[in-house]
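Chemist: Residue numbering for the sequence shown follows this note's numbering, starting at 1023 and increasing by one per position.
Everything labelled a hint here was simulated from the structure, so no lab data went into it. We put the beta carbon where it would ideally sit given N, CA and C, even for glycine. Please note that the accuracy of each hint is not assured.
[To be verified] Distance ranges between label pairs, derived from CB positions:
#	residue 1	residue 2	range
1	1135	1027	34 to 44 Å
2	1118	1026	36 to 46 Å
3	1064	1041	12 to 22 Å
4	1026	1129	36 to 46 Å
5	1082	1043	13 to 23 Å
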Amino acid sequence: MPSDSDQQLAFALLRRTDYGRVATSMRALPFLAAARHIVTDGHVLLRMHRGFGYHDACVGSVVAYGADNLGTAAAAEGQWTVQLVGLCEAVRPTTAELARFGAPPRFVDGEPYDAVYLRIAPQKAVVHTLSPAGTSVDGWSAHRVARAQG
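With the hints as extra help, turn the sequences into a complete structure.
Modeler: So, in structure tokens, the structure goes:
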């Protein structure tokens, strides 16, 4: 299990963005697939399109899930990346969780979107922050330095 502080930091950052990428292998080849995520009860829930079959490669496997703000935040504001690694399983979200996901897309690559939901139980959480010298991303860089020194 990741340390509580690493996992809490990862979850706090994931709550700032809606989408990320899940990584696993399919027929012995690595691949990435976009997914909508929410953080709930110490897990990350994903919503993906069933039509590609990527979820089949994820279910029952250890996957990596990553998200960031690299394309949306200016360097002066601080940038971050999060990566979680854990076992992935298919789930049926609660009504409240479905509401948090919001409306799904209507189409993906011109085909009707068919949602499938997965849950990742993080076993490892890694956060990296990029910030100009002498600054931090909401104090998190300082938190990481203090934790490393303490």
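Chemist: Hints numbered earlier in the text: which of these fail when held up against the supplied structure?
Modeler: Number 2 - this is the single hint that the structure violates.
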